[in-house]
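Full structure from sequences and hints, please.
Line by line, the protein sequences give chains A and B.
Anchor point for the first sequence: position 261 equals 261 in this note's numbering, and the numbering is continuous, going up by one each time.
Adding 1000 to a residue's 1-based position in the second sequence gives its number in this note's numbering.
Please note that a few of the clues may not be correct.
[What the hints assert, rightly or not] Some chain B residues judged to face chain A by a derived CB distance under 7 Å, without partners named:
1) Val1021
2) Ala1141
3) Pro1143
4) Phe1145
5) Met1149
6) Leu1153
7) Ala1156
8) Val1157
9) Ala1251
10) Ile1255
11) Ile1273
12) Val1292
13) Ile1293
[As the list claims (entries may be wrong)] Chain B stretches covered by chain A per the calculated footprint, using a threshold of three residues with CB under 8 Å from any CB of chain A:
14) 1124-1131
15) 1238-1250
16) 1282-1291
[Said to hold, decoys possible] Calculated Cβ distances over 10 Å to all of chain A for the following chain B residues:
17) Ala1036
18) Ala1043
19) Asp1045
20) Gly1059
21) Tyr1065
22) Gly1071
23) Asp1089
24) Trp1096
25) Leu1118
26) Val1142
27) Asn1172
28) Leu1231
29) Ala1304
Worth flagging that the hints you see were computed from the coordinates, not collected in a lab.
For glycine and all other residues, C-beta sits at the position ideal for the given N, C-alpha and C.
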Amino acid sequence: MNRVPTSFLIGAALSVVFVAAAALSFLWTPHDVTSLVIANRLQPAGGDFVLGTDQFGRDLLSMLMVGARTSIAVALVAVGIGITLGVPLGLAAAAARGSLLDEVIMRGNDLIFAFPSLVIAILITAVYGPSATNAIIAIGIFNIPVFARVARGGALSLWTLDYVLAARTAGKGRLRISAEHILPNIANLLIVQATIQFSLGVLAEAALSYVGLGAQPPLPSWGRMLSDAQTMIYSHPMLAILPGMAIVMMVLGLNLMGDGLRDMLDPRLRRRRQ
Amino acid sequence: MLRYILSRLLSLCLSLIAASVVIFGVIEVIPGDPAAFMLGLNATDANIAALRAELGLDGTVVARYWGWVSGMMTGDFGISYTYRVSVSDLILDRIWISLPLAIYALILSTLIAFPIGLIAASARGTLADYGIMGGTQLGIAVPNFWFAMLLVLLFAVNLRWFSAGGFAGWDNPAAAVKSLTLPAIALALPQASILARVMRSALLDTLGQDYIRTARAKGLTRRQAVLRHALRNAMIPVLTIIGLQFSFLLAGAIIIENVFFLPGLGRLIFQGITQRDLIVVESVTMLLVFAVILVTFLVDIAYAAVDPRLRRR
Chain A
1 MNRVPTSFLI GAALSVVFVA AAALSFLWTP HDVTSLVIAN RLQPAGGDFV LGTDQFGRDL
61 LSMLMVGART SIAVALVAVG IGITLGVPLG LAAAAARGSL LDEVIMRGND LIFAFPSLVI
121 AILITAVYGP SATNAIIAIG IFNIPVFARV ARGGALSLWT LDYVLAARTA GKGRLRISAE
181 HILPNIANLL IVQATIQFSL GVLAEAALSY VGLGAQPPLP SWGRMLSDAQ TMIYSHPMLA
241 ILPGMAIVMM VLGLNLMGDG LRDMLDPRLR RRRQ
Chain B
1001 MLRYILSRLL SLCLSLIAAS VVIFGVIEVI PGDPAAFMLG LNATDANIAA LRAELGLDGT
1061 VVARYWGWVS GMMTGDFGIS YTYRVSVSDL ILDRIWISLP LAIYALILST LIAFPIGLIA
1121 ASARGTLADY GIMGGTQLGI AVPNFWFAML LVLLFAVNLR WFSAGGFAGW DNPAAAVKSL
1181 TLPAIALALP QASILARVMR SALLDTLGQD YIRTARAKGL TRRQAVLRHA LRNAMIPVLT
1241 IIGLQFSFLL AGAIIIENVF FLPGLGRLIF QGITQRDLIV VESVTMLLVF AVILVTFLVD
1301 IAYAAVDPRL RRR
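Listed below in structure tokens is the structure:
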């Protein structure tokens, strides 16, 4: 009965390809991405360079592999920031529903939502210096209210259920109930949201490094490959097409996986869709 | 209704105050001396001292904050350090590119998304529905600046229908609209994909309601039921997303304007950042945040006007 959705399978397959490429890049890449060999510049695809080389003589396939690593690392840590800070805040707000604490947390959330995230991310990386770390922080901050909201929403409905009431009569405190009963039951929601935020993180990282505010040279990133390619687009369009395809495939994979996960983990939605 | 508007207005003011404190904090308090930051590595002590005096940095933090905020309330956004003109003039120059671009993109996004969402919802489960949903998944995954590069490659380089960048100026409206067309399409595609999906699921939600069944039982055709009853009720989530998208488009232009060399607010803020012109950055960021908060407020009020149930919250 519990058929795994096709979207999940396709999404997971795409994501696994990129994670594997990123992992492999730690051990091996076809060529060294930090050495600029001008003699090899703008080689066509095929032969020694499977996807060809850029205007600095770097192997495109190797750069895409290391770029996947940068993308995944930035997005993953940014999601980590969102979960570790956002989820406890959301749980606290739900446990203290209607109190001043709840109000302060939720209004703080609204405030972060009101900021145009890209502008603030650009601002943070510009003022504190462009680097992968600052890109992670800038993207991570905007994940906090997302997870806080999802955690609070999920937790609020659980607080009215009988087993939580039973736990309270048994003398458990709000903190213990949140950790032992609420958190495990909202894990599904959080996993789905994490997949979505992960894919948004990949897009945001690409945008930041495209404008030069993400990972710095010599570390390759998909966004910077695109900005490097911009002047070459007339003569060598593949330089711009390949990194873009990589971003699209990875984001598409994560989104499909998220959709599939939601269908699998939320039985109500499954029923409604049938 | 009046009480609801007042409470939303209060929340709007609080958001603005909080936002201004955050922006002021990020830019002026945390990274050390703004004057030294703006002048860079080659600054002499005398230069820094002169700029500090010009910026009014010698006052207390509270006095500086108040000076900035009260200035903005009277339309005085300060003097740009690099351009040597008032920031409000710079903004007035450039808003006539960013605002039309955002509106253009929003119109395109809505025009694309509405029929697509409507078709997908009414043809639910068919090949057309799957095709549309697959297409929108792809649209969401495409970074708009990359899509912009592809558009340039196809329409400017290969077909030569449009210029690859720059802005023709409003003296010639047709040329101006033409130079905003590719950027608007690039901005609109991902937004249209999101909107079409929201439209489809909102319609599917309302189509499952009892009043639709009643309408059908009364003898309305499926099309009549969709157009008269479902569409109107599905508008609530769709309007929220449109409201959010407008602010996103305004701020999202920051990168697209750079791809197409459009001298709009996004490019202004970006140049401000690279030239370390903090006064420009601070004021333009605040303006964008103000636009976002204002649109959210207007959407909230529009809802309450449409749906009386929301006023009682």
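request  = Mind verifying the non-interface call on B:Asp1045? Its CB should be farther than 10 Å from each CB in chain A.
outcome  = holds, 22 Å
message = Is the claim that B:Trp1096 lies outside the interface with chain A correct, judged by CB distances over 10 Å?
response = Answer for B:Trp1096: holds, closest chain A Cβ roughly 19 Å.
ask   = Should the label of B:Ala1304 as a non-interface residue stand, given a Cβ cut-off of 10 Å to chain A?
value = Check passes; 17 Å lies beyond 10 Å.
key: Interface hint for B:Met1149, Cβ within 7 Å of any Cβ on chain A   = holds, 5 Å
key: Stated coverage of the stretch 1238-1250 of chain B by chain A [criterion: 3+ residues, CB within 8 Å]   = Holds, because 3 residues of the stretch 1238-1250 of chain B bring their Cβ atoms closer than 8 Å to Cβ atoms of chain A.
request  = Decide, holds or violated, for the assertion that all CB atoms of chain A are farther than 10 Å from the CB of B:Tyr1065.
outcome  = Given that every Cβ of chain A is farther than 10 Å from that of B:Tyr1065, nearest at about 17 Å, it holds.
inquiry  = At least three residues with a C-beta closer than 8 Å to a C-beta of chain A: is that true for the stretch 1282-1291 of chain B?
reply    = Three-residue rule met by the stretch 1282-1291 of chain B, so holds; n is 3.
ask   = Count the residues of the stretch 1124-1131 of chain B with a beta-carbon closer than 8 Å to any beta-carbon of chain A: does the count reach three?
value = violated (count 0)
key: Closest CB of chain A to the CB of B:Gly1071 still more than 10 Å away   = Non-interface label stands for B:Gly1071: nearest chain A Cβ at 20 Å, farther than 10 Å.
key: Non-interface label on B:Ala1043, tested against every C-beta of chain A at 10 Å   = holds, 17 Å
ask   = Is it the case that B:Leu1231 keeps its Cβ farther than 10 Å from each residue Cβ in chain A?
value = Holds: least Cβ distance 20 Å, greater than 10 Å.
query = With d taken as the least Cβ-Cβ distance between B:Asp1089 and chain A, does d exceed 10 Å?
reply = Given a closest Cβ separation of 21 Å, the condition holds.
In summary, the structure is inconsistent with hints 1, 7, 14, 26 from the numbered list given earlier, while agreeing with the others.
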